[in-house]
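*Asks:* In case you want the letters, here they are:
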Amino acid sequence: MEWIYAPWPWYIAGPLIGLTVPALYLAGNKSFGISSTLRHLCAACIPSKVPFFQYDWKKESWNLLFAAGIVIGAFIAATWFRLPDVEIQLNPELKQNLSANYEITNFTALLPVEVFGIQHLGELRTWIFSLFGGFLVGFGTRYAGGCTSGHAITGLSTLQWPSLVATITFMIAGIFASWLIVPFLLSL
Amino acid sequence: MNITPSPVECKNESNLPERGLALVKYVALGILFGITFVKAEIISWFRIQEMFHFQSFHMYGVIGSAVVVGLISMQLIRRFNIKTLSGEEVYITPKKYNKGTVIGSIFFGFGWAITGACPGPIYAQIGAGFLVSVITLLGAIGGTFVYGVLKDRLPH
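These protein sequence lines are chains A and B, in that order.
Residue numbering for the first sequence follows my numbering, beginning at 1 and increasing consecutively.
Residue numbering for the second sequence follows my numbering, beginning at 1001 and increasing consecutively.
Chain A extracted, bound-state conformation (with noise of 0.2 angstroms):
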């Protein structure tokens, strides 16, 4: 049973996120995307007079469903199919980086803790990894019109060339963003 708790390789989880999109293509003519679940949540749970929110969001009732697919599976793995204070397999350089000189040194959990664990919520440094970065997720996916599955999965498996500028912009914006913005915050 050992074999259960470890972790999937990339040439398993890519193959089945890819099928993903000709899955919910044939489930229901449904177009692969995550971060319209949030324009949605905004339509459905926000009152406001926005015309960019007045759409028909319960025709897109799907995608909010298979969102809490999302949650309720990620539940199930993290609770049944993985052990707990096991080390994820990381990069010696990656770790050694963090502990010397952000103090983070607990690789047991998926996020550090010490940057995302409940008891830290009393520090700004978290309030800014997790609201204000939430925030740039939020206004950038809904401005470039997508994020990774609806451009980077969806957009190149069908061949568009706008999907192919966005995955190429905010992976180069990703790579500036880790090297130099997360090391400032870091040290907040």
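Everything labelled a hint here was simulated from the structure, so no lab data went into it.
You can trust all of the hints, since none of them are fake.
No farther apart than 30 angstroms at their CA atoms in a straight line, the calculated lysine-lysine pairs in the DSSO-like style are these:
(1) LYS1096/B - LYS1083/B
(2) LYS58/A - LYS1096/B
(3) LYS58/A - LYS1011/B
(4) LYS1099/B - LYS59/A
(5) LYS1096/B - LYS1025/B
(6) LYS1025/B - LYS1011/B
(7) LYS58/A - LYS1151/B
(8) LYS59/A - LYS1083/B
(9) LYS49/A - LYS1151/B
(10) LYS1151/B - LYS1096/B
(11) LYS59/A - LYS1151/B
(12) LYS1025/B - LYS59/A
(13) LYS1096/B - LYS49/A
(14) LYS1083/B - LYS1011/B
(15) LYS1099/B - LYS1151/B
(16) LYS1096/B - LYS59/A
(17) LYS1099/B - LYS1011/B
(18) LYS1096/B - LYS1011/B
(19) LYS58/A - LYS1083/B
(20) LYS49/A - LYS1099/B
(21) LYS1011/B - LYS59/A
(22) LYS58/A - LYS1025/B
(23) LYS49/A - LYS1011/B
(24) LYS1083/B - LYS1025/B
(25) LYS49/A - LYS59/A
(26) LYS1011/B - LYS1151/B
Keeping the supplied structure of chain A fixed, place chain B upon it in accordance with the hints.
*Replies:* For chain B alone, kept in the frame of chain A given last:
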């Protein structure tokens, strides 16, 4: 005021109504997706930093093989004119390019590196028990709302 129409992206392309049990299949697909996200550690902030520092092939392998498999499947659907379960023609709305494609992606790339999560993994982090990711989700909803308010004043 001139209001530009803003179509929904990644949408329901079907003209057939679906309700009740017909919608369960999307929850099921989401569950498989969420399990994959956790098991392959795609929701890990560490893995995202590794990717952006070129310290591991893992995430490039995941995204690259996902695109290849998606591309082949969509070509097969097109080539053999495969229909949806309810017999509809598969319809793909073309993605439109505007300045926002680049400007928005810059904001998103920054947010991805900081949170260690694109929108899908935010949901998965919450499911996996990281309650602080609820704040990340609220931030993302807030960012989407601010975009919606400012949309007609931003360069596109």
